[in-house]
Amino acid sequence: MCRLPQIQLDKSGFFYMKRLQPWLPAIGIFCLALLVRVIYNNTVAYHYNPLHDSLFYQTIGFNIIKEHCYCLHPGISTIDRAPLWPFILAGVSLIFGPSNYFARLFLSLIGSGTCVIVYLFVRDLFGWRLGLIAGIAAAIYPELYIYDGWLYTESLYTFLLFAICYVLYRIQRDKSAKREWGSWRMWLSCGVLLGLLALTRPNGVIVIGLVIAWAIAMIWFKVLARRTTLIGVVAAALIACVLIAPWTVRNYLVSNTFIPVATGDGNVLLGSYNDQVLTTPGFQGSWIDPLISRPDVAKPFPLFTCEPSCDVAREAAYKSAAAQWVQSHLSIMPHLLALHFINLWHPDTIEADLPVVRFSDQLSSQIVLAMMKIFPIPIFILAALGLAVTLWKWRELLFIYSMIVLTIGQALYFYGSARFRAPIEPMLILLAAGALWWLTHREEGTLRWIIARMKNTGQTVKDVTSDNEDSSSANVSPEADQAAIS
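Numbering follows the working numbering, with no gaps: position 266 of the sequence shown is 285.
Possibly wrong hints are sitting among the right ones.
[Unchecked claim] Pairs of lysine to any residue, SDA-like flavour, derived with a Cα cap of 25 Å: (1) Lys85 x Ser96; (2) Lys338 x Asp367; (3) Lys338 x Thr276; (4) Lys318 x Ile278; (5) Lys241 x Arg204; (6) Lys392 x Val345; (7) Lys241 x Thr276; (8) Lys85 x Asn61; (9) Lys241 x Asn222; (10) Lys338 x Tyr271; (11) Lys338 x Thr299; (12) Lys412 x Cys325; (13) Lys241 x Pro265; (14) Lys392 x Ala371; (15) Lys338 x Ile307; (16) Lys338 x Tyr432; (17) Lys85 x Leu53; (18) Lys338 x Phe302; (19) Lys392 x Lys85; (20) Lys318 x Val296; (21) Lys412 x Gly464; (22) Lys338 x Lys412; (23) Lys338 x Phe277; (24) Lys318 x Asn61; (25) Lys85 x Pro265; (26) Lys412 x Met422; (27) Lys392 x Ser350; (28) Lys318 x Gly464; (29) Lys392 x Ser96; (30) Lys392 x Ile427; (31) Lys392 x Leu53; (32) Lys412 x Tyr271; (33) Lys338 x Lys392; (34) Lys318 x Gly132; (35) Lys85 x Cys325; (36) Lys392 x Ile369.
These are calculated hints, taken from the structure and not from any lab test. Owing to the predicted nature of the structure, the values given are computational and were not obtained by experimental measurement.
Model the full assembly from the supplied sequences, consistent with the hints where possible.
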């Protein structure tokens with residue numbers, strides 16, 4: 020009798036460990052990723068202090084606490100920065116003080132979460148072994164963790180966007196009627212993530228439209244049931260709009276102009292389309308501050324005391340000047356757009372405020388810089404192969420494809436920078452894992468499966484791939500039809 024409680028405790032501990040066991044790889048990847056990011060922040064970024072955009076975000080966050088206004092300068096409201104990141108900085112500084120170190124630790128947690136999603140996504144698509152490899156690769160991939168050492172929005176935006184991608188995949192995977200509540204939970208999560216994404220960067224609003232388009236495509240190709248999907252995507256869009264609406268109302272009250280999240284496109288466009296970006300070494304196809312590249316347009320507007328109405332006028336003037344420049348330089352536009360595309364795929368990210376660039380004389384910075392030049396190359400090659408060989412899985416990866424196309428389109432429209440590639444870095448790792456799956460596994464659609472089938476039937480690779488796509492379509496449609504009827 021005296022030993023019975025001990026036996027019960029042992030059994031409860033056994034069942035607890037059994038329930039925890041499936042999550043051990045995810046926990047291990049999170050801890051590894053967090054360790055890498057903490058080391059980076061305590062070596063490369065040890066002396067970091069915010070400059071440029073990161074200083075703007077931090078200043079607005081401090082003014083939320085001290086001045087009780089969303090402003091870059093006390094008493095002058097601003098509308099050219101999305102609100103989520105400054106409010107997070109305000110909350111972190113309120114709890115831990117003004118040091119930017121704790122904000123960077125927060126980003127390290129966010130970045131580690133991205134690595135866990137990489138593991139989960141690849142595990143569900145290609146198996147747990149490749150999921151583990153992809154998660155470890157994401158944890159040590161420099162083009163992910165460098166963004167966790169400065170106060171820009173890249174890390175937060177990447178996490179939210181990739182979480183949306185995974186949620187949509189889960190909706191597609193768990194489409195059976197038995198998991199209806201799980202599907203609704205995923206749609207609600209999608210709505211919250213979409214709202215937070217738009218409040219992180221203004222171009223996040225575009226993703227809401229892409230989710231709606233994705234849902235329509237899934238209905239059209241009979242992958243998802245019509246009624247459930249329509250209700251789910253409408254609910255997600257409404258939740259996102261409810262989260263965005265208060266900030267849109269605030270912007271209208273201070274500027275008398277409809278601004279969903281923030282301005283800023285004009286500043287980017289004018290800095291991207293001017294004579295200097297064609298000739299300045301190191302900035303060809305990039306961005307140069309309009310105060311330097313187009314002072315004739317920028318200097319009439321006050322630098323520090325531009326109120327919201329002034330900001331709206333400046334935005335319109337900048338866009339107009341950029342459009343006029345493009346119209347007068349149409350012959351050079353193909354070359355400039357080609358530079359935008361090439362710069363997007365430059366392996367290493369070079370930004371003035373990036374700690375690894377600012378403190379490049381440190382040994383730790385030199386190691387990371389070398390990793391930044393080397394690591395992306397095999398990822399790019401494998402991702403390109405993965406994109407080609409997993410096209411027959413296009414239903415599961417359609418939203419990933421659309422986000423890659425959107426990122427390329429934005430780089431062409433604005434300017435080319437490796438930093439603009441940040442939101443799709445986890446997607447490139449996922450596609451790279453798809454290439455490894457195709458090369459190493461024997462499942463349907465892989466290289467070994469195709470070779471074995473060719474030996475048995477004498478077909479060409481093209482014929483086998485075509486047959487595989489047809490069989491994949493046949494496998495999906497009846498289930499979707501049954502779900503639609505139910």
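These are the hints, each one checked on the structure:
1. Lys85 x Ser96: This hinted pair holds, its Cα atoms lying about 14 Å apart.
2. Lys338 x Asp367: Measuring from Cα to Cα gives roughly 30 Å; hence the hint is violated.
3. Lys338 x Thr276: holds, 16 Å
4. Lys318 x Ile278: holds, 24 Å
5. Lys241 x Arg204: holds, 21 Å
6. Lys392 x Val345: Distance of about 33 Å is beyond 25 Å: violated.
7. Lys241 x Thr276: violated, 41 Å
8. Lys85 x Asn61: The given pair, whose Cα atoms are some 29 Å apart, is violated under the 25 Å limit.
9. Lys241 x Asn222: With Cα atoms ~29 Å apart, Lys241 and Asn222 exceed 25 Å; violated.
10. Lys338 x Tyr271: holds, 20 Å
11. Lys338 x Thr299: holds, 22 Å
12. Lys412 x Cys325: violated, 51 Å
13. Lys241 x Pro265: With Cα atoms ~36 Å apart, Lys241 and Pro265 exceed 25 Å; violated.
14. Lys392 x Ala371: holds, 17 Å
15. Lys338 x Ile307: Holds, at about 15 Å.
16. Lys338 x Tyr432: OK: Lys338 and Tyr432 at ~12 Å, within 25 Å.
17. Lys85 x Leu53: Distance ~31 Å between Lys85 and Leu53 Cα, so the pair is violated.
18. Lys338 x Phe302: The given pair, whose Cα atoms are some 20 Å apart, holds under the 25 Å limit.
19. Lys392 x Lys85: Distance ~42 Å between Lys392 and Lys85 Cα, so the pair is violated.
20. Lys318 x Val296: holds, 19 Å
21. Lys412 x Gly464: Given pair Lys412, Gly464 holds - Cα atoms ~9 Å apart, limit 25 Å.
22. Lys338 x Lys412: violated, 41 Å
23. Lys338 x Phe277: holds, 17 Å
24. Lys318 x Asn61: violated, 40 Å
25. Lys85 x Pro265: The given pair, whose Cα atoms are some 22 Å apart, holds under the 25 Å limit.
26. Lys412 x Met422: Within the cut-off at roughly 16 Å; holds.
27. Lys392 x Ser350: violated, 33 Å
28. Lys318 x Gly464: Measuring from Cα to Cα gives roughly 59 Å; hence the hint is violated.
29. Lys392 x Ser96: With Cα atoms ~41 Å apart, Lys392 and Ser96 exceed 25 Å; violated.
30. Lys392 x Ile427: holds, 21 Å
31. Lys392 x Leu53: holds, 22 Å
32. Lys412 x Tyr271: Status violated; Cα separation ~44 Å.
33. Lys338 x Lys392: Violated, because 35 Å separates the two Cα atoms, which is more than 25 Å.
34. Lys318 x Gly132: violated, 43 Å
35. Lys85 x Cys325: Given pair Lys85, Cys325 holds - Cα atoms ~20 Å apart, limit 25 Å.
36. Lys392 x Ile369: Holds, at roughly 11 Å.
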